[in-house]
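Peer 1: Here is what each chain is made of, one letter per residue.
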Amino acid sequence: MDSAGALLPIIAALPFLGALLPGLMIQAGRNTCATFTAIPTILALTLLLVCAPSVMQGEVLTFGLDWMPGLGLNVNFMLDGLGLLFAGLILGIGLLIILYARFYLSPDDPMGQFYTYLLLFQGAMVGIVLSDNILLLLVFWELTSLSSFLLIGYWKHLPEGRQGARMALLVTGGGGLALIGGMLILGNIAGSYDLSVILTQKEVIQDSPLYLPALILILLGCFTKSAQFPFHFWLPHAMAAPTPVSAYLHSATMVKAGLFLMARLWPVLAGTPEWFWIVASTGLITMVIGAKIALFKDDLKALLAFSTVSHLGLITMLLGLGTRAAAVVAVFHIINHATFKAALFMTAGIVDHEAHTRDIKRLGGLRHLMPITFTIATVAALSMAGIPPLNGFLSKEMMLAETADTAWLGASWLMGLLATIGALFSVAYSFRYIAHVFLGPKRDDYPAHPHDPGFGMWAAPAFLTVLVILIGLMPMTFAGGLVEVTAAAVTQSDPYVNIYHWHGFVPAFWMSVVAVLGGAALLALHRPLQAMWNTAPRPEAKPLFDAVTRAATRAATALTDGLHNGALTRSAAIFSVFVLGAGWIAWTGGDTQPATREILPVSILPMIGWILLVLSTIGLVVFHRNRFVALVLLGVVGLFVSMGFVYFSAPDLALTQISVEVVTIILLLLALNFLPRETPNESSPARRLRDAGIAAVGGVAVTALSYAILVRDFADESISAFHLENSYEGGGGTNVVNVILVDFRGFDTYGEIIVLGIAALVIYALTETVLKGPAGRWLATWTPDTNPEGEAGDRHPMMMVVATRVMMPIALMVGAFIFLRGHNEPGGGFIAGLIVAIAFLMQYMASGFAWAEARQRITYHAIIGIGVLIASLTGLGSWLAGRPFLTSDYGYLHFPPIEEFEWATAIAFDIGVFLTVLGAVMLALKSLSSMARGAGETVNETAMDINPARKTTAREGNT
Amino acid sequence: MELLFASGIGTLTAAGLYLVLRMRSFPVIVGVALLTYAVNLFLFGAGRLALDMPAVLRDGVDTYADPLPQALVLTAIVISFGMTAVVVMLALGAYLSARDDRVDIDPETDRDEETGT
Numbered sequence: 001m002d003s004a005g006a007l008l009p010i011i012a013a014l015p016f017l018g019a020l021l022p023g024l025m026i027q028a029g030r031n032t033c034a035t036f037t038a039i040p041t042i043l044a045l046t047l048l049l050v051c052a053p054s055v056m057q058g059e060v061l062t063f064g065l066d067w068m069p070g071l072g073l074n075v076n077f078m079l080d081g082l083g084l085l086f087a088g089l090i091l092g093i094g095l096l097i098i099l100y101a102r103f104y105l106s107p108d109d110p111m112g113q114f115y116t117y118l119l120l121f122q123g124a125m126v127g128i129v130l131s132d133n134i135l136l137l138l139v140f141w142e143l144t145s146l147s148s149f150l151l152i153g154y155w156k157h158l159p160e161g162r163q164g165a166r167m168a169l170l171v172t173g174g175g176g177l178a179l180i181g182g183m184l185i186l187g188n189i190a191g192s193y194d195l196s197v198i199l200t201q202k203e204v205i206q207d208s209p210l211y212l213p214a215l216i217l218i219l220l221g222c223f224t225k226s227a228q229f230p231f232h233f234w235l236p237h238a239m240a241a242p243t244p245v246s247a248y249l250h251s252a253t254m255v256k257a258g259l260f261l262m263a264r265l266w267p268v269l270a271g272t273p274e275w276f277w278i279v280a281s282t283g284l285i286t287m288v289i290g291a292k293i294a295l296f297k298d299d300l301k302a303l304l305a306f307s308t309v310s311h312l313g314l315i316t317m318l319l320g321l322g323t324r325a326a327a328v329v330a331v332f333h334i335i336n337h338a339t340f341k342a343a344l345f346m347t348a349g350i351v352d353h354e355a356h357t358r359d360i361k362r363l364g365g366l367r368h369l370m371p372i373t374f375t376i377a378t379v380a381a382l383s384m385a386g387i388p389p390l391n392g393f394l395s396k397e398m399m400l401a402e403t404a405d406t407a408w409l410g411a412s413w414l415m416g417l418l419a420t421i422g423a424l425f426s427v428a429y430s431f432r433y434i435a436h437v438f439l440g441p442k443r444d445d446y447p448a449h450p451h452d453p454g455f456g457m458w459a460a461p462a463f464l465t466v467l468v469i470l471i472g473l474m475p476m477t478f479a480g481g482l483v484e485v486t487a488a489a490v491t492q493s494d495p496y497v498n499i500y501h502w503h504g505f506v507p508a509f510w511m512s513v514v515a516v517l518g519g520a521a522l523l524a525l526h527r528p529l530q531a532m533w534n535t536a537p538r539p540e541a542k543p544l545f546d547a548v549t550r551a552a553t554r555a556a557t558a559l560t561d562g563l564h565n566g567a568l569t570r571s572a573a574i575f576s577v578f579v580l581g582a583g584w585i586a587w588t589g590g591d592t593q594p595a596t597r598e599i600l601p602v603s604i605l606p607m608i609g610w611i612l613l614v615l616s617t618i619g620l621v622v623f624h625r626n627r628f629v630a631l632v633l634l635g636v637v638g639l640f641v642s643m644g645f646v647y648f649s650a651p652d653l654a655l656t657q658i659s660v661e662v663v664t665i666i667l668l669l670l671a672l673n674f675l676p677r678e679t680p681n682e683s684s685p686a687r688r689l690r691d692a693g694i695a696a697v698g699g700v701a702v703t704a705l706s707y708a709i710l711v712r713d714f715a716d717e718s719i720s721a722f723h724l725e726n727s728y729e730g731g732g733g734t735n736v737v738n739v740i741l742v743d744f745r746g747f748d749t750y751g752e753i754i755v756l757g758i759a760a761l762v763i764y765a766l767t768e769t770v771l772k773g774p775a776g777r778w779l780a781t782w783t784p785d786t787n788p789e790g791e792a793g794d795r796h797p798m799m800m801v802v803a804t805r806v807m808m809p810i811a812l813m814v815g816a817f818i819f820l821r822g823h824n825e826p827g828g829g830f831i832a833g834l835i836v837a838i839a840f841l842m843q844y845m846a847s848g849f850a851w852a853e854a855r856q857r858i859t860y861h862a863i864i865g866i867g868v869l870i871a872s873l874t875g876l877g878s879w880l881a882g883r884p885f886l887t888s889d890y891g892y893l894h895f896p897p898i899e900e901f902e903w904a905t906a907i908a909f910d911i912g913v914f915l916t917v918l919g920a921v922m923l924a925l926k927s928l929s930s931m932a933r934g935a936g937e938t939v940n941e942t943a944m945d946i947n948p949a950r951k952t953t954a955r956e957g958n959t
Numbered sequence: 001m002e003l004l005f006a007s008g009i010g011t012l013t014a015a016g017l018y019l020v021l022r023m024r025s026f027p028v029i030v031g032v033a034l035l036t037y038a039v040n041l042f043l044f045g046a047g048r049l050a051l052d053m054p055a056v057l058r059d060g061v062d063t064y065a066d067p068l069p070q071a072l073v074l075t076a077i078v079i080s081f082g083m084t085a086v087v088v089m090l091a092l093g094a095y096l097s098a099r100d101d102r103v104d105i106d107p108e109t110d111r112d113e114e115t116g117t
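Just so you know, the protein sequences line up as chains H and X, in that order.
When we follow the working numbering, the leftmost residue of the first sequence carries the number 1, and every step to the right adds one.
When we follow the working numbering, the leftmost residue of the second sequence carries the number 1, and every step to the right adds one.
The reader is advised that the hints may include incorrect statements.
Stated by the list, open to error - Pairwise CB distance ranges, derived in the manner of DEER restraints: (1) H:G64 <-> X:L43: 43 to 51 Å; (2) X:M53 <-> H:L876: 35 to 43 Å; (3) X:L43 <-> H:A780: 40 to 48 Å; (4) X:G60 <-> H:F623: 44 to 52 Å; (5) H:V622 <-> X:D62: 40 to 48 Å; (6) H:A854 <-> X:M53: 43 to 51 Å; (7) H:D561 <-> X:D62: 55 to 63 Å; (8) X:R99 <-> H:N565: 19 to 27 Å; (9) X:D62 <-> H:R677: 37 to 45 Å; (10) H:F623 <-> X:M53: 35 to 43 Å; (11) H:L876 <-> X:D62: 34 to 42 Å.
Stated by the list, open to error - Stretches of chain X that chain H covers, calculated by requiring three or more beta carbons in the stretch to come under 8 Å of a beta carbon on chain H: (12) 44-52; (13) 60-71.
In case anyone wonders, no lab produced these hints; they're calculated from the structure.
Beta carbons are placed, not taken as given, at the ideal position from N, Cα and C, and that holds for glycine.
Required output: the full structure, derived from the provided sequences and hints.
Peer 2: Below, the structure written as structure tokens:
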């Protein structure tokens, strides 16, 4: 990496950073906004010019920064001649466009948005041409598709704008997908994703059997981007964009990206017959077709759009020829096309802006009204036609010379002929642009009163036209060096560049003469030809495209709706069947080892437990319509699951399961209060049979899978042994499960308590929203649909109140005990949190939630927050000791006369767990109970409904 | 014993699947709860079954149940409580807002209901 190379990422980043400015600066007025859009562009351009001298001397500047080296994705930038040319075009013409757009956009248009999109696009383009890493290049490539979508669809109120933008996105985005595939293949062949490496691997790449697929995929990307036949149709539709966008995208940037990439990869991809046939043929066809259509377009911008397609085809063809000389011409024409085409687009925009139409049939005679615009447009159009001594002439002549030397389809003259025809049409439409818009008699039916715009608007095209003339007159002075260094980068060799006007009476000269004369003749015959064209049938791209898109959308909708129409039952069924199918494939596809473990003997106790579990599960399914019974049975199932944990040596799990069971059932009971008591019987027998079938297959499959696992030993050594060995020495605890939770995998636990806290907050937020909405108003008029005669009259029975008050300290004591022993014996923060939550819940059940809550000082939100905070601080504490997050420590303390006891930082973490679990559980239940209060449940003022103490107090008060 | 354990998981799975495929939110919640048991037991079973050897270190004992699945399942149990609570709340909110606890689309009216479960 050299010091100048460090400028490259800054150049690429400047437009992106600058994109933040216009949106803010528009508040300060349109001039300020445009100025602050220009500043990052000017800065980037200046930095580029700082780099330019060394590049012009043949140096290649590089910058490297590892981003994801494992994937080969690095932020590597490179600046050679090709990159310099393109970056210069992008930034230079970008600057002119910023100036032009300031005067073009009407005050109603949101200018801040426009400039933001423009800078985003500019940044993406600069990124493409400066990238050294092809993965990085792909990222920028996709960014250009996205940002050009925003630019083309800038006039959101116009359906053409929206449709054109969508079409451009679909075509270029689709090509981008192909390009990703091609580039990945290319990178794999070359063994690196860095261009600087890839470009040295020509033989390896061209000998690879994957060369052709990679080539086709990459070319798909380039052709769609550069609007090559048959993907050319998106470009004219993109003309619905404001003219500055068209001028920028279609002269210097977006469509040139495809050309850039072809030129970039030219050293390794070009030179094979495949390359020649695909690229040169596509370019040639595109050139002729584009030029022919352009002649018959009445919309100025459509004419220029198709002429752009044609010229892109010309450059593509030159790159496709695969010779160094042709590559030099391609490079030269890229420069020339950018200058005259941007100027032409801008003059078209001026005409549109001033005459309020760009329909050629309604124009004519404008040279008297708009002399400046006329001059600019004429010079640029003559250059496009290839009239000497302008720059367009030079490159077109060189192009004709190249085609005259090339055999195509077995005929040595065919390519030259077609190229001449293309040039002929090109002359015709260029002349038409001059003749039918500016020449002819002055009309009196213009939609507006056309006149030359202010300097600000014609300055940019005028500047470009000056370049057109200067390069035309003195090509070696103004462009020779740049062409040379660019062509050197494209061909990876030292090309011979000598551009001059007079080549003698060579074939190219005569081809040129034919083209000019023929073009003039075509223009003379334009009226009858146009009539013929209008009556001739021809395929229209847009209806075809729309039909294809519609069909694709319909297919996608049908598939999505078929799989997921919003009904949970359907997607759940499809999901279950899919998982079972996948499991079946995995099961039959693999081979299993024979059983290695000894089967444990069955004793009577687990047998009884199993029978009860299965019976209550079956009962649950049978009686599930009675929701209350279902809940009771669910509790029974949970109880037996806990018993199972006890039996199979998992006391911690059993404790957790049983306490979670209690809170879950209470939660469901509270919810059931508002839900219908019964589930109606509404599914058909066939449907139930289907569901039962899925369920049965699922059950059998899970049984088989579990059994297969249980009777076999681990295939590889388990990491559990490590935990068992290090639990006491490393974690300072003998309860390995707890040590894993708070120490070995403390970070997991840390994440889990945060999730739990978030879940509780979600529940709280949901409840608040529901209660504030229409549901809350409905709830206020709601009465429970219970039978009043069957309801207990005593909501808060005295017996229960007294019993829970007595139990409260005991329960808290148990909680504390479970918590403290957790590190060494079954227990810990999770379980203690649940137990204490149940202790609180008992108070709520006895005296009502509101009564209990009024006696509580700390809110549950705070408890959750404190819990997470304590856990975090414990984790951070280990940083103070220079250890990683959540490293724990322990030791022993001895205060006589108490016995020696152990301390561990893990216990502080466990306190955090404890508090979060407690807060989360309580907040969830509190939210549900606040629904009950929303339903108008009375809040009792005293602890119990019948309170013998009240009478006593009253009497005491009297005395 | 292994077969008992495996078939227990299978029974819970089958019942859970059947209930999840019902058309109202409440049985779906109960079904998911059953599936939670099944999944937790399955994960726990991945440590293989062990009798009378809890993973609490004792002098002179050197075979213990596998502690790792136990630790993972312990947090899973607590998290699944949080998940059940959220789903219950969603179902309740949906029922109170729409006065209907269907999680299926009525084919006749094709009301696009948001039942949330």
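Peer 1: Mind listing which of the numbered hints don't hold for this structure, in increasing order?
Peer 2: Hint 9 contradicted; others consistent.
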